[in-house]
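K.L.:
Kindly generate the complete structure, drawing on both the sequences and the hints.
Protein chains in written order, with the working numbering: chain A, 1 to 256; chain B, 1 to 336.
FYI, nobody ran anything at the bench for these hints, they're computed from the structure.
Do not rely on the hints blindly, as some may be mistaken.
Said to hold, decoys possible - Each computed PhoX-like pair below joins lysine-lysine, with the alpha-carbon atoms no more than 20 angstroms apart: (1) A:95 x B:138; (2) A:13 x A:147; (3) B:135 x A:95.
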Amino acid sequence: MHNITAIWQREMKSYFVSPIAYVVLTVFIFLSGYFFYSYLANVAHATLMLAQFGQESQPINVPGIVIRALFQTMSVVLLFIIPMLTMGLFAEEKKRGTIELLLTSPVGYLQVIAGKYLASLTFLLIMLAANAVTILPLFLYGKPDLKPVLAGYLGMFLYGMALLAVGLFISTLTENQIVAVILTFGVSLALFVIESMSAAMTGASRTVVEYLSIIGHLDDFTKGVIDTSHVIYYATFAFVGLFLAYRSIESMRWKS
Amino acid sequence: MIEVEHLSKVYSGRKAVDDVSFNVGKGEVLGFLGPNGAGKTTTMRILTCYMPSTEGTARIAGFDVFEQSLEVRKRIGYLPETPPIYPEMSVESYLGFVARIKDTPSNRRTQQVGKVIEECSLGDVRHRIIGRLSKGYKQRVGLAQALLNDPEVLILDEPTIGLDPRQIHEVRSLIKGLAPARTVILSTHILPEVSMTCNRVVIINKGKVVAMDTPEGLAAQMKGAERIALTVAGPAEAVRAKILAIEDVFSVAVADGGPAAAPSFTVECRLHSDLRPVLARAMVAEGWDLLEMRGVSLSLEDVFINLTTQEPGEAESAAAGSRPAAEDQPGNGQEV
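P.N.:
Here is the structure:
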């Protein structure tokens, strides 16, 4: 266990001594702030318009709409940002030769993977926490329903967890971080847009493709619904990514 | 302590290590000598469990490197070819990290780190960022990392590369100092290093062990090895042809001494066949003046070049003539 924490700690330090952590956090916080403001302004404007025309029959859940739109946008932003968190996890160790240290130390491969994966998850939590600070004003000036917000964050975390596992796997395949980041982004984007493909399909293939789409499973969370099948989807996704990473490290020993 | 039996490693059809066997006893320092691409690094990587072998077995302290990899990894310290450092960390925090992944109990960690910092004289730079240190310091940090946790077996891939002469001296005496308690395998291309630090030498070339002995033994094996230098006042080509015609002569290298001086020849001939009288008579019979003749003894360097530039069978022949080729080889060789 202390092996895992040692690796986790080193990985966290390396995020924060390199510019990556600061650049990623700055961009992420800026984008979440910007989108939050623009959605809030739009919705508030629309509400005012409606009020002016006297259609007040249905009360509008302003915070709910804003938060849902924000989650959807942030899921796209994460698609760009997550590859940057995982690109170095193994690629950099391979490039520097420190992978030889890790693999010849009395540490299991699973522990190495776990330490690194946990570090990337920690970083994701930091980003989501920063995002939560952004939407704090909604709670200061209104009374939004807390449950959909929490469910939304859970969904975002699970979604990020799945993407991070994909990125971690891809990072074991190369020693070039640029290759890792582009491949991870490409694969994540493919899993993201696969949903639009399903529109042209019918029958079983449509069900399969819809099920595979990484974004389709996020919807319910942002509505405040925690469906176990979605949780299982993301968990399976993460598990497959980590399993592939494990096999890739094993096979790397045979090939390198 | 280390038993290697019929170890082979095949990379995409090419045999990087070919049927290598050797044993290292407790407290021994074994030198691994060979040109680049000979398979030194590959053998070391197999021993450290970094990669599995294609065939054969290796055991360290009785544990198989493939079957009981974790037990082996607990007992070794490994310095790879490029020191495995994280440039953004300070020396002390890096060593602390390595101590943790090497399962050093938390109450002994600080003491262990302090000890290796002292052993590798890193005291002055302990708080500095590794990335900003000189190559020599980086190498020593790599060595310090290998010494953490008091490993029984140390595997050092070119430990003195990139160090200045004073540091080389320090590292060598450090390695010597480790020897009685620990078993060390080190690879190098620096020959004096082997005679200074090692009890035994394995010379490896193209994946095969070509010689295994003590440094003295290896040099003695070929000492006075029938290499004869002579200077003859006569037509160079004719002299060469005449010498080659003598039985037991493998090769003749000619060095033209310029228009004023007589050409000199280096004759390689079969071991333990002293050809000097025969040569002298042959020269005189042709009416050429024999100006100089002496037996040349082989240094460890010559042994190394002999063994690593030819197939074992023809190793003794043509050594003098092939020396330039030997010097080219490290550049062309592919490190594995």
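K.L.:
Does each hint fit the structure? Answer for all of them.
P.N.:
Structure-based check of all given hints:
1. Proposed proximity of residue 95 (chain A) and residue 138 (chain B) is supported: the alpha carbons are some 16 angstroms apart, at most 20 angstroms.
2. Of the supplied pair hints, the one linking residue 13 (chain A) and residue 147 (chain A) is violated, its CA atoms being roughly 34 angstroms apart against a limit of 20 angstroms.
3. The suggested pairing of residue 135 (chain B) with residue 95 (chain A) holds, with an alpha-carbon distance near 17 angstroms, which does not exceed 20 angstroms.
Figure legend: structure checked against the earlier numbered hints; the only hint not met is number 2.
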